[in-house]
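Student: Now for the letters of each chain:
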Amino acid sequence: MSPGEPLLEVTNLTVDSGSARLVRGIGFTVARGERVGVIGESGSGKSLTALACLGLLDDGLRPGGSVRLAGVEFDLLGASDRQLSAIRGKRVGMVFQEPMTALNPVQRVGSQITEGMRLHGTRPTRRVADEAAVELLDRLRLPAPRQAARSFPHQLSGGQRQRGVLGIALSNDPDLLICDEPTTALDVTVQKEITDLIVGDCEERGTAVLFISHDLALVSSVCHRVLVMYGGRIVESGPADRVLSAPKHPYTRALLAACDLTPGSRARAIPGVVPAPKDLPAGCGFSNRCAYADEQCAAPPEPTGEKPDDTVACWHHDALPAWPSAAESPDRDRTEPAHCGKAVDSELLLSTQGLTRRYQGRRTGLFGKRPTFRALEPIDLDLRAGQRVGVVGESGAGKSTLLRLLAGLDRPSDGGVRYFGRADGPSGGAGSRLQVVFQDPMGSLDPRLRVREIIAEPLPARRSAAARERVSELLTAVGLPEEAGERYPHQLSGGQRQRIAIARALAPEPAVLLADEPVSALDVSVRAEVLDLLRTATTEREMALCVISHDLGVIRYLCDTVLVLRDGRLVESGTVESVWEAPRHPYTKQLLGAVPRMRY
Amino acid sequence: MSHVVRRTATLLVSVVVASFVVFAFLAVLPGNAAEVALGTNATPAAVARLSREFGTDRPLLVQYADWAQGLLHGDFGTSYVTHEAIGPRIANRFAVTVWLVAGGMLVALLLALPAGVLAAAWHRTGRGALLSGLSQVGIAVPAFLAGILLVYAFAVRVGALPAGGYTPLAEDPQDWARHLVLPWLSLGLVQGAVLTRYVRSALLSVQRQDFMRTARAKGVRRWAALCRHGLPNAAIPVVTVLGLQLSNLLVGAIVVERVFVIPGLGDLLLRGVQDRDLLLVQGVVVVLVVAVLVVNLVTDLLYRVLDPRLRSR
Amino acid sequence: MRSRATLVTGCLIVALVLAVAAVSMVWTPYDPNHVDAARQLAGAGGEHLLGTDQLGRDVASRLMVGARITVFAGVVAVGIALLAGVPMGVVAGMTGGWLSTVIMRVSDFLLAFPALLLAIMLAAVYGSGTLTAMVAIGIASAPGFARVSRAATLRVMTAEYIDAARLAKRGRVAIALRHVLPNIADIVIVQASVSFSTAILAEAALSYLGLGTTPPTPSWGRMLQESQDLLFSTPQLSLWPGLAVAATVLGLNLLGDGLRDRVDPALEGVR
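Residue numbers (the working numbering), protein chains in the order written: chain A, 1 to 600; chain B, 601 to 913; chain C, 914 to 1184.
Chain A on its own, in the form it takes in the complex (with noise of 0.2 Å):
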């Protein structure tokens, strides 16, 4: 094969279902050794595209076009299976999203990991190929690699998992290794160590790296070259730096300024929703979301560009104004309501005192005791009216224990909780003058009733004129027309779910508001939106705001106070600047050293 020819490349790829064109003719390369990133929000088709380069998609959809190996003679679209297996695995390994479920819960992964060696010959041997396994899982920097290989999965953290993935995957030495959305389930410190490792790995072999996420600043840190999809078309692609720093494409820009949670400005979500497949406009997909659209985006752009790795889709990626420009980045001009931050003397509206959570553990033998692990540490915290604190910590490390146990949902094993200076208990104390808003917006909403009945949930006389003038209002207060309210939760995005939720929470005027990963669940385009009426919800009502969360940004943008946990224990505290400027805890600083950053 030459030098110059590419790995892998793909023409023209579409995916079909039955009703809808998920996939619509992508082209792109990757050269040997390069690691090539794709960017797109759920729904933009880049997890099609790395299934249907493999043949793995599933059986009710059908792919289109061409996809080409070098030095395989046949186009991997129409290949038979037999040919198409005694590829994958071999030349190109995948690793997958979720860890958890995507190892073999019945087999050791040792022999998940031989079981590619020995079907393709490269350790042919059992012998061979176990000691094979254990060096592999050393080199993935498993600590104690041959107890791990020994193990079933349920056995092993989630990074351990994932490390046992990638095992799987490099275990013929691939020439390309596709993954899709690696780290997304994992904790920010965990990701690093997983992605530092894919990076060094495949650097040092030489493999190519098809990297997909939803993450700009993870794809910018860890590619060479980025493609950015939307609605199943790449729109923008090129070096990392270029596009990340001189984003040609109105979706690019759009999703840049989305992600970027500048504290002290307002986030810029991009306006309306990300549309079915089957509803997207005809000709350019993004044209019903963009601000700079006129008649000829009905007609679909093709990518255009000096070299062919640096293209652009769109009609007027020319007449854009420069990058950044006032319109599309954030509003920093905002001023913030003056109270802010500085509420040391206002109310106390919550306290906690020495508040404790243990559980006991499944008993461990027929006459054993049961084992009690500590979920939370005792912990004294105080939230003033006015006040904004965010608790950031990664699984396991008490976060979701402390809310349910400050919102009464929970009862603390010690210690306790005073609300508004009584000391009355979870059941009675904080009544509704407390609010929760969910993680899952989807999950927080009964699905049996109405968006009115939901949101009017709280209030005491629900059915009464007053109650239903009152969802109105809510409704316009969080961005929702007044016939929203007659729908169910299951016909709305999920922004537009999550905006609900808060509505709820704020229906009943209370003087304290939690919330539990209000975003993670939310795509990025959206995030910002609810981010903001969030923000601005809270001070205009002049509520305290306790937020929780994994992710540092949305903590960052939010709150002024900030309370670290780890392992159930809370290792530090501050203001937000002086917790980022200044990290005094060894695991705050490696926190902070973990969260991904846009390289521009």
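Calculated from the structure, these hints are not laboratory results. Accuracy of the hints is not assured; some may be wrong.
One side only, chain A facing chain C, incomplete, derived with CB under 7 Å [said to hold, decoys possible]: (1) Ala-86; (2) Val-436; (3) Phe-438; (4) Met-442; (5) Gly-443; (6) Ser-444; (7) Asp-446; (8) Arg-450.
Using N, Cα and C, we set each Cβ at its ideal position, and we do this for glycine too.
Given the coordinates of chain A, assemble chains B and C onto it according to the supplied hints.
Tutor: Positioned in the frame of chain A, the structure of chains B and C alone reads:
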């Protein structure tokens, strides 16, 4: 290990409670054993005398303790109606029913495993739809109706197999099998149809799991992935169903024994009901309930062997 | 698309059985119990649509009344199981703790008594009859409802909208009625359609054994038993009631499958 001990302890408690429930339930029968034995014209004095003789005038718990103690030694008592010892009768019949159920289960498995795998592999094609349609029809046919249909087809039309009756295995193995073929089929076809659907749905939901994609992505062929990664995972829910099915077969055997005039436990039970032979009914019901409990225990333990996630607990 | 066809076919069959059962209350072609010695074993067609049995009774009329018995049996059994099982399951799922343990232990224990066995025991004590048989089937089916509704309740209780309702100061009963029951209803309905067909099969089996519906009331299972001896001479007598049982059960199962796909669209085509 502790789990095995704990489950076995639970089983023993369940057996005691179940036997007591059965006993108490039948002891409250309107018209006590003595009245039944003497007929409607008996004098109260005669009834009282016989009650004393049977021991049915004693308190319920004492009677139960007496009966249960006998059970432990395999002594099921002596029938008030036929005056025969019940234990040996149950023992004889039990072997017949076990053969019937085992054969039925075997037929069901031989039918359902391939049919279920094929139905899952073909689930979007016409062949797959045909297989699920057939299993759907199979489920709708009660075992006794299947029996009648089979008798009509093979005994009446073809005339190749007997329409009923039974020859003990020890007497003539070939004749034994000839008599059992149709009963096996009538139990097995129906349960096989049910099982087919479970195997299919278990495999289909496993097929959608991410690890199946991982397997395919490492180069395992479609069918190999289904067998090597799909089946071991699908086996976990299927085993639970197998346990339930074995219980169903045990009870289904009662009806099929009637269709084919097979002298099994079911036949004995129905005769007991007909003659109002309480002790006999009690004995057979306890044997059947204990069998169901044991099957449940075995299923539960097997479930843990198959699923490493449960093993470590 | 296939699931829609399943649902429609199921509905049609079930509706037909219900309609026949309803009509039989006001009209049948002949008195189903009228013995006509002159017209024994008449063939199909002619004056008697489906012929007559060995006592000269009109088969079509008996089948119609049998449909009524079948529907009655299913309604009684499912009704008992539903009323006993669902509250047990919901309470167990919502409360947890010892109450839940007790409820689930009792229902596990009941599972050791298969429906037919329980029915035979009841028949031994109280004599045979449709109602006795169906009470037994109902009791035996209740644990199934308890388990299904407990599992569904547990799932609903983990949903955040329950937490939201608690924050809105809703009481337990209000949460059960307003949030839990509507959200488990579809799963319970699926279970009911499955139990209905189980009950019908059990009624047929019991009547076949002579422990269910007592003569002369015609029941499909009983008709099968009466016709079995004539299998060599007039097999069609077994055909009609057999077909009726199988078709009804098939219809209910199709209905259940179709509903299940509706309940959980992700499962479409899986079952």
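Student: If a hint holds in the structure, say so; if it does not, say that too.
Tutor: Hint check results:
Contact between Ala-86 (chain A) and chain C, as hinted, is not supported at the beta carbon level, the nearest pair being about 30 Å apart and thus beyond 7 Å. Checking Val-436 (chain A) against chain C by beta carbon gives a least distance of about 6 Å; that is within 7 Å, so the hint holds. The beta carbon of Phe-438 (chain A) comes within 4 Å of a beta carbon in chain C, closer than 7 Å, and the hint placing it at the interface holds. At about 9 Å, the closest approach between the beta carbon of Met-442 (chain A) and any beta carbon in chain C exceeds 7 Å, and the interface hint on this residue is violated.
Annotation: Gly-443 (chain A) was flagged as interfacial toward chain C, and the flag holds, the nearest CB pair being 5 Å apart, inside 7 Å. Taking 7 Å as the C-beta cut-off, the interface hint given for Ser-444 (chain A) holds, the closest approach to chain C being about 4 Å. Using the Cβ-Cβ criterion of 7 Å, the hint placing Asp-446 (chain A) at the interface with chain C is satisfied: the shortest such distance is roughly 4 Å. Because the beta carbon of Arg-450 (chain A) sits about 12 Å from the nearest beta carbon in chain C, more than 7 Å, this interface hint is broken.
In summary, the numbered hints that this structure violates are 1, 4, 8.
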